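Asker: Residue numbers for the sequence shown follow our numbering, so the first one is 1 and each next one is one higher.
Some clues are possibly wrong.
[What the hints assert, rightly or not] The calculated SDA-like cross-link candidates involving lysine to any residue, where the alpha carbons are at most 25 Å apart (straight line), are:
hint, residue 1, residue 2
1, Lys15, Gly36
2, Lys15, Val5
3, Lys15, Met1
4, Lys15, Leu45
5, Lys15, Asp39
6, Lys15, Ala27
7, Lys15, Pro25
8, Lys15, Glu38
9, Lys15, Val31
10, Lys15, Arg44
11, Lys15, Arg46
12, Lys15, Thr55
13, Lys15, Asp40
14, Lys15, Glu56
15, Lys15, Ile57
16, Lys15, Val47
17, Lys15, Met29
18, Lys15, Asn2
19, Lys15, Arg37
20, Lys15, Phe30
21, Lys15, Gly49
22, Lys15, Leu53
23, Lys15, Ser43
24, Lys15, Glu32
25, Lys15, Val26
26, Lys15, Asn51
27, Lys15, Asp28
[Stated by the list, open to error] Taking CB as the label site, the calculated pair distances span:
hint, residue 1, residue 2, range
28, Asp39, Met1, 29 to 35 Å
29, Ile57, Arg37, 18 to 24 Å
30, Met1, Pro42, 27 to 33 Å
31, Asn52, Val5, 16 to 22 Å
32, Tyr18, Pro41, 19 to 25 Å
33, Asn2, Phe30, 21 to 27 Å
34, Leu45, Leu16, 32 to 38 Å
35, Leu16, Pro42, 31 to 37 Å
36, Asp21, Arg44, 27 to 33 Å
37, Glu56, Gly36, 16 to 22 Å
Hint data in this document are derived by calculation from the structure and do not stem from the laboratory. It should be emphasised that the depicted structure is a prediction, and the values quoted were computed from it without experimental measurement. For glycine and all other residues, C-beta sits at the position ideal for the given N, C-alpha and C.
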Amino acid sequence: MNSCVLTAQVVEAPKLRYTQDNQTPVADMFVEFAGGREDDPPSRLRVVGWNNLATEI
């Protein structure tokens with residue numbers, strides 16, 4: 001199994017919401033991590049957590 005670990009800084013606080021149909025918790029936030037090279041700009045990713053993970057972040 002392949003895996004990838006990114007060390008990132010949270011740049012926007014997680015926002016918790018619930019789905020309309022069955023009230024499943026969903027949280028999303030933005031994180032940023034440094035570029036691969038010194039002159040590369042930082043990269044920003046949207047992170048989404050569902051169910052228990054959503055309530056823990």
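Asker: Run every hint past the structure and note whether it holds.
Answerer: Each hint tested on the structure:
For a cut-off of 25 Å, the pair hint linking Lys15 to Gly36 is broken: about 28 Å separates their Cα positions. Between the alpha carbons of Lys15 and Val5 the distance comes to roughly 23 Å, so the proposed pair stays at or under 25 Å and holds. A distance of roughly 31 Å separates the Cα atoms of Lys15 and Met1; the hinted pair therefore is violated under the 25 Å criterion. Distance hint between Lys15 and Leu45 is fulfilled; the C-alpha atoms sit about 15 Å from each other, no more than 25 Å.
The straight-line distance between the Cα atoms of Lys15 and Asp39 is roughly 32 Å, outside the 25 Å bound, and the hint therefore fails. Between Lys15 and Ala27 the alpha-carbon distance is near 5 Å, which keeps this suggested pair within the 25 Å criterion. Of the pairs offered as hints, the one joining Lys15 and Pro25 holds, with about 10 Å between alpha carbons and a cut-off of 25 Å not exceeded. Using a Cα cut-off of 25 Å, the hinted pair Lys15 and Glu38 is violated, with the two alpha carbons roughly 32 Å apart.
Using a Cα cut-off of 25 Å, the hinted pair Lys15 and Val31 holds, with the two alpha carbons roughly 13 Å apart. Restraint check for Lys15 and Arg44: the C-alpha separation of about 17 Å stays at or below 25 Å, so the hint holds. About 12 Å separates the Cα atoms of Lys15 and Arg46, which keeps this hinted pair within 25 Å; it holds. Of the supplied pair hints, the one linking Lys15 and Thr55 holds, its CA atoms being roughly 10 Å apart against a limit of 25 Å.
The straight-line distance between the Cα atoms of Lys15 and Asp40 is roughly 29 Å, outside the 25 Å bound, and the hint therefore fails. For the proposed pair Lys15 and Glu56, the alpha carbon gap of about 12 Å is at most 25 Å, so the pair holds. Proximity of Lys15 to Ile57 is assessed by CA-CA distance (about 9 Å); at most 25 Å being required, the pair is judged to hold. Of the pairs offered as hints, the one joining Lys15 and Val47 holds, with about 11 Å between alpha carbons and a cut-off of 25 Å not exceeded.
For the given pair, Lys15 sits about 6 Å from Met29 by alpha-carbon distance, which is consistent with the 25 Å threshold. Between Lys15 and Asn2 the alpha-carbon distance is near 29 Å, which puts this suggested pair outside the 25 Å criterion. This hinted pair does not check out: Lys15 and Arg37 have alpha carbons roughly 31 Å apart, beyond 25 Å. A C-alpha spacing of about 10 Å is found between Lys15 and Phe30, which places the hinted pair at or below 25 Å, so the restraint holds.
For the suggested pair Lys15 and Gly49, the alpha carbons sit about 10 Å apart, so the restraint of at most 25 Å is met. Only pairs whose Cα atoms come within 25 Å are accepted, and Lys15 paired with Leu53 is accepted, the gap being roughly 12 Å. A distance of roughly 20 Å separates the Cα atoms of Lys15 and Ser43; the hinted pair therefore holds under the 25 Å criterion. A C-alpha spacing of about 16 Å is found between Lys15 and Glu32, which places the hinted pair at or below 25 Å, so the restraint holds.
Taken as a hint, the Lys15 and Val26 pair is honoured in the structure, with Cα atoms around 8 Å apart against an allowance of 25 Å. Annotation: proposed proximity of Lys15 to Asn51 holds, straight-line Cα distance about 13 Å (limit 25 Å). Under the criterion of a C-alpha separation no larger than 25 Å, the hint pairing Lys15 with Asp28 is consistent with the structure, at around 6 Å. Checked against the hint of 29 to 35 Å, the C-beta distance between Asp39 and Met1 comes to roughly 33 Å, which is consistent with it.
Checked against the hint of 18 to 24 Å, the C-beta distance between Ile57 and Arg37 comes to roughly 29 Å, which is inconsistent with it. The beta-carbon spacing between Met1 and Pro42, approximately 28 Å, falls within the hinted interval of 27 to 33 Å. Here the CB-CB span from Asn52 to Val5 is close to 21 Å, well matched to the stated 16 to 22 Å. Distance hint for Tyr18 and Pro41: a CB-CB separation of about 35 Å, inconsistent with the stated range 19 to 25 Å.
Checked against the hint of 21 to 27 Å, the pair Asn2 and Phe30 passes, with Cβ atoms roughly 24 Å apart. In this structure the hint that Leu45 and Leu16 lie 32 to 38 Å apart at CB is violated, the actual value being about 18 Å. For Leu16 and Pro42, the hinted distance range of 31 to 37 Å is not satisfied, since their beta carbons lie about 25 Å from each other. Restraint check, Asp21 to Arg44: a C-beta distance of roughly 30 Å satisfies the suggested window 27 to 33 Å.
For Glu56 and Gly36, the Cβ-Cβ distance of about 30 Å falls outside the hinted range of 16 to 22 Å, so the restraint is violated.
The earlier numbered hints that this structure contradicts are 1, 3, 5, 8, 13, 18, 19, 29, 32, 34, 35, 37.
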